[in-house]
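Engineer: Residue numbers (our numbering), protein chains in the order written: chain A, 1 to 179; chain B, 1 to 156.
Some hints could be false.
As the list claims (entries may be wrong) - Here are a few chain B residues that face chain A, going by a calculated C-beta distance under 8 Å: (1) Ser34; (2) Phe79; (3) Gly80; (4) Arg98; (5) Ser147.
If you're looking for bench data, these hints aren't it; they were derived computationally from the structure.
Beta carbons are placed, not taken as given, at the ideal position from N, Cα and C, and that holds for glycine.
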Amino acid sequence: MADIAFLLLIFFLVTTTMNVDTGLARMLPPIADSNEKTTQDVKQRNIFTVLINKSDRLLVEGKPMDVSILREKAKEFIANPNNDPDLPEKEVKQIDYFGAYEVPKGVISLQNDRGTSYSMYMHVQNELVAAYNELRNELARSRFGKYYDDLLEDQQKAIQAIYQMRISEAEPKSVGGKK
Amino acid sequence: MAKFERKGKTGMPAISTASLPDIVFMLLFFFMVSTTLRETELFVKIKLPEASEVVKLEKKSLVSYIYIGPPARQYQSLFGTDSRIQLNDSFKTLTDIRDFISSEREAMSESDRPFLQTSLKIDEDTRMGIVTDVKQELRKASALKISYSARRVIHD
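Chain A extracted, bound-state conformation (with noise of 0.2 Å):
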């Protein structure tokens, strides 16, 4: 009896994988019809562009950036905590628990070269991504005392439509060089 268990104990030991599978989620945006071209308009002010050219190396609003500040240049842009005139504009809106409530507007656009090496990318990704949890968890801190993991999903909700997760990534443009 004792024999048969090891034996299937050693087996489970052996073919054990207890890897939980974890990933930056996202949704891609569907494919434009062809007919009908809806280009938004976005205005300039509107819009946080981050490209990533192939030798790794990040332009940002049309100047050169490492990409260990690009988190904090983020947070600016998404929040834009005192109402400078070249940062996204606010719009009001009702919001649960907080009644009316000023959301900004901004749009990151994210555009790399074929080039780019998947590394890079993941690193500008999850920089953006961590800007905006940055901001949710500020404003949960501020709002209800605790952090945004812990709050309930209403509350959860509330604080997404205000720090609405917006990253675009332009269609892909083949500029230059084969392939």
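Keeping the supplied structure of chain A fixed, place chain B upon it in accordance with the hints.
Structural biologist: Leaving out everything else, chain B in the frame of chain A:
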């Protein structure tokens, strides 16, 4: 008066092994429950990138996997060292993705189909060109929910 006797050289009494099967069974059940058998063999080498903001993928039954990376050593003579796409158990090309997604959809129950999620397991040294192509194919197949698989690291 109490008498203390020493029964010669007794030494340590032998440990009873009667509870050993219980322990073994307990361990056995633990591993049986926590085991997930690897269902696909990887033909590509994948070192996932690191990220701190990752979320867990819920409900494994809703997730289908696309692997992209350089072929493992034994396949390099056949397929070269450039990143390739693996779907299920073979190397595939971009055009196969749509069929793959529709067959994954077919295999799911009707109520689950809108929740299909695609997990992209991509080697960190891959160039974005192939990833962009795959994403375009996924958009065409309207499998819009994706997850860029990454290892969790905690900075600071």
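Engineer: Each hint needs a verdict: does it hold in this structure or not?
Structural biologist: Hint-by-hint comparison with the structure:
1. Ser34: holds (6 Å)
2. Phe79: With a minimum Cβ separation of about 17 Å from chain A (threshold 8 Å), the hint on Phe79(B) is violated.
3. Gly80: At about 14 Å, which exceeds the 8 Å cut-off, the nearest Cβ of chain A leaves the hint on Gly80(B) violated.
4. Arg98: violated (12 Å)
5. Ser147: holds (4 Å)
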